[in-house]
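*Asks:* Okay, here's what each chain looks like letter by letter:
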Amino acid sequence: MKLQHVVESQQFTVPLLMELFDRSRRMERLVARGGTHDYSNRIMATLFYEPSTRTRFSFEAAMYRLGGKVLSTEQAKVFSSEVEGEQLEDTIRILAGYSDVIVVRHNEAGGAKRAAKVSPVPVINAGDGKGGQHPTQALLDLYTIHRERKSLEGLSIAIIGELDEGRTVRSLAYLLSKFDRVKIYFVSPPEVQMKPDILQHLEEHQVWYALESDISKVLGEVDVVYQTRIRPERVADRKKLASYTLDGRLLKAMRSDAMVLHPLPRTVEIDKAVDDDPRALYFRQAKNGLFVRMALLTLVWDGE
Amino acid sequence: MKLQHVVESQQFTVPLLMELFDRSRRMERLVARGGTHDYSNRIMATLFYEPSTRTRFSFEAAMYRLGGKVLSTEQAKVFSSEVEGEQLEDTIRILAGYSDVIVVRHNEAGGAKRAAKVSPVPVINAGDGKGGQHPTQALLDLYTIHRERKSLEGLSIAIIGELDEGRTVRSLAYLLSKFDRVKIYFVSPPEVQMKPDILQHLEEHQVWYALESDISKVLGEVDVVYQTRIRPERVADRKKLASYTLDGRLLKAMRSDAMVLHPLPRTVEIDKAVDDDPRALYFRQAKNGLFVRMALLTLVWDGE
Amino acid sequence: MKLQHVVESQQFTVPLLMELFDRSRRMERLVARGGTHDYSNRIMATLFYEPSTRTRFSFEAAMYRLGGKVLSTEQAKVFSSEVEGEQLEDTIRILAGYSDVIVVRHNEAGGAKRAAKVSPVPVINAGDGKGGQHPTQALLDLYTIHRERKSLEGLSIAIIGELDEGRTVRSLAYLLSKFDRVKIYFVSPPEVQMKPDILQHLEEHQVWYALESDISKVLGEVDVVYQTRIRPERVADRKKLASYTLDGRLLKAMRSDAMVLHPLPRTVEIDKAVDDDPRALYFRQAKNGLFVRMALLTLVWDGE
Chain A
16 MKLQHVVESQ
26 QFTVPLLMEL
36 FDRSRRMERL
46 VARGGTHDYS
56 NRIMATLFYE
66 PSTRTRFSFE
76 AAMYRLGGKV
86 LSTEQAKVFS
96 SEVEGEQLED
106 TIRILAGYSD
116 VIVVRHNEAG
126 GAKRAAKVSP
136 VPVINAGDGK
146 GGQHPTQALL
156 DLYTIHRERK
166 SLEGLSIAII
176 GELDEGRTVR
186 SLAYLLSKFD
196 RVKIYFVSPP
206 EVQMKPDILQ
216 HLEEHQVWYA
226 LESDISKVLG
236 EVDVVYQTRI
246 RPERVADRKK
256 LASYTLDGRL
266 LKAMRSDAMV
276 LHPLPRTVEI
286 DKAVDDDPRA
296 LYFRQAKNGL
306 FVRMALLTLV
316 WDGE
Chain B
16 MKLQHVVESQ
26 QFTVPLLMEL
36 FDRSRRMERL
46 VARGGTHDYS
56 NRIMATLFYE
66 PSTRTRFSFE
76 AAMYRLGGKV
86 LSTEQAKVFS
96 SEVEGEQLED
106 TIRILAGYSD
116 VIVVRHNEAG
126 GAKRAAKVSP
136 VPVINAGDGK
146 GGQHPTQALL
156 DLYTIHRERK
166 SLEGLSIAII
176 GELDEGRTVR
186 SLAYLLSKFD
196 RVKIYFVSPP
206 EVQMKPDILQ
216 HLEEHQVWYA
226 LESDISKVLG
236 EVDVVYQTRI
246 RPERVADRKK
256 LASYTLDGRL
266 LKAMRSDAMV
276 LHPLPRTVEI
286 DKAVDDDPRA
296 LYFRQAKNGL
306 FVRMALLTLV
316 WDGE
Chain C
16 MKLQHVVESQ
26 QFTVPLLMEL
36 FDRSRRMERL
46 VARGGTHDYS
56 NRIMATLFYE
66 PSTRTRFSFE
76 AAMYRLGGKV
86 LSTEQAKVFS
96 SEVEGEQLED
106 TIRILAGYSD
116 VIVVRHNEAG
126 GAKRAAKVSP
136 VPVINAGDGK
146 GGQHPTQALL
156 DLYTIHRERK
166 SLEGLSIAII
176 GELDEGRTVR
186 SLAYLLSKFD
196 RVKIYFVSPP
206 EVQMKPDILQ
216 HLEEHQVWYA
226 LESDISKVLG
236 EVDVVYQTRI
246 RPERVADRKK
256 LASYTLDGRL
266 LKAMRSDAMV
276 LHPLPRTVEI
286 DKAVDDDPRA
296 LYFRQAKNGL
306 FVRMALLTLV
316 WDGE
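Chains as they are written, first to last, in this note's numbering: chain A, 16 to 319; chain B, 16 to 319; chain C, 16 to 319.
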């Protein structure tokens, strides 16, 4: 089975996820040996309608470690600035003539799907719109957990932060629902808690979850603390915000075999003092994005 | 005979055009076989004073398919922002120390010629100013016609749109005047018709032409429909604009062996319904830009 | 001895400078032979918080001539625009997972040092802040003099321009103080003369210097005329500014074996008429930046 495009996390079945994780692990070993030149004839186009240097660099580094070349734009809106009303679809059709894969970050939800529909070369979604998808982030999150724990069955996780508008945490919760005996604690000020659609999806798939607002109650229970940021303006009582920050004191409440993840960038929600703790895996998680993206590139080109 | 710089379409004689088209065809086959690494020691610098991601990507992909490397800037104006009054000439002399070819898009007519004058490495003009040149676009247009028709002698073509300020169509008309028995219909609202300088040039070279404002009168006559956009604000009676749009109905009036071209991007002047017609070659035309630019790079480096 | 990071010119001892110059010379010969593919598995990330296309291209070309690959951003501020308060340190830690060397241009003095502190891969300072360092510029200046003169001992140099805020000339004066019998003339309108801290450093190292405001008095004395620009708004009597311009007339006062250098870009301080004189070495100097940066890259990777 070949993966044609990577548009949304819903595409990924458990066997495909396991194939992806296995392949990502192989990519990790490949990079340790200096990468490969096997794909030196391939060109990636990164078409970013909004800037995201971190995500762009991760994709471009993945391409380079495979030996390939990169056409890069930080400001794809200039495509359309020349001519009002130019269509994404036309741009994709033209770029497909110049490249072997298009990594697109679009400013509207559904942008990647529109691109995939007309593209003769694989399209990979690098995030589309606030309410859209960012599947490769969710995949690298899951890979990081699987890599450390060897399994996702029976995982207990605290997902912390501004959850209602969190593209990443929504996708992560969705993907976790595919695995048995997962327990999810959503920890958040009540006004920005996880939205009903995801909760309903979890109920339908018989995933245990709890809504919490007190971080200290759950830290000792979980395998994974998945921390994200909270924009102060979204919370009624800003004085309570500090209680969601993971610091050295809260760290003591965590299990010794637990891990702290964060999609990055962070602001204040993880104290710098946490960085040196062996359970702090967020920079490792960012690096795993390289291996997962390398694995995705080889999957869309060569299949399983 | 070696081509030193590519500055304006006037440089191209008929034998040089034929050599270029022959070479472009070979590049097409080369890309189908995965490209080459023959030029892996070469560096291209793309110096774009105004953004044009499409053109830039086409040049950069051409370089990559030849095995080379690319120094890229989307916003070359930062060169001069540091220091008011910095000269293009100095920038070119510095860049020539870092690269083996400079692709320049300048915001003033004559910019490429100024660059070529001081550069010890080849300069290729990727468009300079509104009234300036964009020779590689005209060359890929001509290549597309030649590739399908095998010859340019006796060609009949309708050039449609806002013709007075159309850099592309002016260069195309100029190049067509080099071939025997060409017939050109300029189809346009009268207020934006082709300017007298080009018409005079055609007369001097005894090229048949006609000025038309009714697209339906010429569609059945021509081998090529070359469509371009019309900015609504340039036309007195905007209601008449719709009559210049090529749609499914007008398509029926075209000959079965004709082709539709467009320099892209388009807005409304070609209906999406036309895209699936086998005569719609504008995406193919964009892709041909890759092969023509590869051919130009090898010409400036290695000669004929 | 391995050079871990390149942060400030103070790091460079005389033996290390000699090793660097020797290596730069070898790089020059390597480029003449078409460069190398020895570093084709390496990735450079250029992280520019303020644009400087010239410096960026010089580093990226150096990487390409060594066979490597480049992750490039012209506008690294988008890293932090997503999230207010994001730290340079986090960005560096993430990028280090994607690359083998990070070239950073930061908008604050000390930025490169902060980056080096947390980076597991080498960091090279490409300029940090107005009052900060730009060590690779000073190194290429010195290399250019050494390359022509074979020695720095006994050098006499006129450093001309707006010297109090000149990052480049301050570093150059600092590095020159390491060599015996150097004579430095600082030539400048009095209100923008070299600051006391550098003068004091020269006195401590027993370097001969003189403060001058009349360029014609020193031109006949020196081996090197190091010209830089003066912003008109910094000078009380703008009419006197023209007297600091090096033109054909002043050139006649220079010794026949002298050389004119300039960090570029220039505005009016060197007349175009000077360009064709064999003593005008500023474009050669810019090109030397390529070789020095290649040498620095191999030094931070492989050591001496």
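Possibly wrong hints are sitting among the right ones.
The list treats identical chains as interchangeable, and a pair is accepted whether it falls inside one copy or across any two copies.
[What the hints assert, rightly or not] Distance condition first, Cα-Cα at most 30 Å in a straight line; then the derived DSS-like pairs of lysine-lysine: (1) Lys-267 to Lys-132; (2) Lys-232 to Lys-132; (3) Lys-254 to Lys-165; (4) Lys-267 to Lys-17; (5) Lys-128 to Lys-287; (6) Lys-254 to Lys-128; (7) Lys-232 to Lys-193; (8) Lys-287 to Lys-255; (9) Lys-92 to Lys-267; (10) Lys-92 to Lys-145; (11) Lys-287 to Lys-92; (12) Lys-128 to Lys-232; (13) Lys-232 to Lys-92; (14) Lys-165 to Lys-255; (15) Lys-132 to Lys-287; (16) Lys-232 to Lys-17; (17) Lys-92 to Lys-193; (18) Lys-287 to Lys-145; (19) Lys-132 to Lys-255; (20) Lys-267 to Lys-128.
Bear in mind the hints are in silico, worked out from the structure with no lab data behind them.
*Asks:* The structure should be examined with respect to each hint, and the outcome stated for every one.
*Replies:* Results for each hint:
{"no.": "1", "hint": "Lys-267 to Lys-132", "in the structure": "between (50 Å within a copy, 27 Å between copies)"}
{"no.": "2", "hint": "Lys-232 to Lys-132", "in the structure": "neither (46 Å within a copy, 36 Å between copies)"}
{"no.": "3", "hint": "Lys-254 to Lys-165", "in the structure": "neither (39 Å within a copy, 67 Å between copies)"}
{"no.": "4", "hint": "Lys-267 to Lys-17", "in the structure": "neither (45 Å within a copy, 40 Å between copies)"}
{"no.": "5", "hint": "Lys-128 to Lys-287", "in the structure": "between (38 Å within a copy, 18 Å between copies)"}
{"no.": "6", "hint": "Lys-254 to Lys-128", "in the structure": "neither (41 Å within a copy, 35 Å between copies)"}
{"no.": "7", "hint": "Lys-232 to Lys-193", "in the structure": "within (26 Å within a copy, 62 Å between copies)"}
{"no.": "8", "hint": "Lys-287 to Lys-255", "in the structure": "within (20 Å within a copy, 54 Å between copies)"}
{"no.": "9", "hint": "Lys-92 to Lys-267", "in the structure": "neither (47 Å within a copy, 35 Å between copies)"}
{"no.": "10", "hint": "Lys-92 to Lys-145", "in the structure": "both (17 Å within a copy, 21 Å between copies)"}
{"no.": "11", "hint": "Lys-287 to Lys-92", "in the structure": "between (36 Å within a copy, 22 Å between copies)"}
{"no.": "12", "hint": "Lys-128 to Lys-232", "in the structure": "neither (40 Å within a copy, 40 Å between copies)"}
{"no.": "13", "hint": "Lys-232 to Lys-92", "in the structure": "neither (46 Å within a copy, 38 Å between copies)"}
{"no.": "14", "hint": "Lys-165 to Lys-255", "in the structure": "neither (36 Å within a copy, 67 Å between copies)"}
{"no.": "15", "hint": "Lys-132 to Lys-287", "in the structure": "between (44 Å within a copy, 14 Å between copies)"}
{"no.": "16", "hint": "Lys-232 to Lys-17", "in the structure": "neither (44 Å within a copy, 50 Å between copies)"}
{"no.": "17", "hint": "Lys-92 to Lys-193", "in the structure": "neither (37 Å within a copy, 38 Å between copies)"}
{"no.": "18", "hint": "Lys-287 to Lys-145", "in the structure": "both (28 Å within a copy, 29 Å between copies)"}
{"no.": "19", "hint": "Lys-132 to Lys-255", "in the structure": "neither (46 Å within a copy, 34 Å between copies)"}
{"no.": "20", "hint": "Lys-267 to Lys-128", "in the structure": "neither (44 Å within a copy, 32 Å between copies)"}
Violated hints, listed in ascending order, are 2, 3, 4, 6, 9, 12, 13, 14, 16, 17, 19, 20; each of the other numbered hints is respected by the structure.
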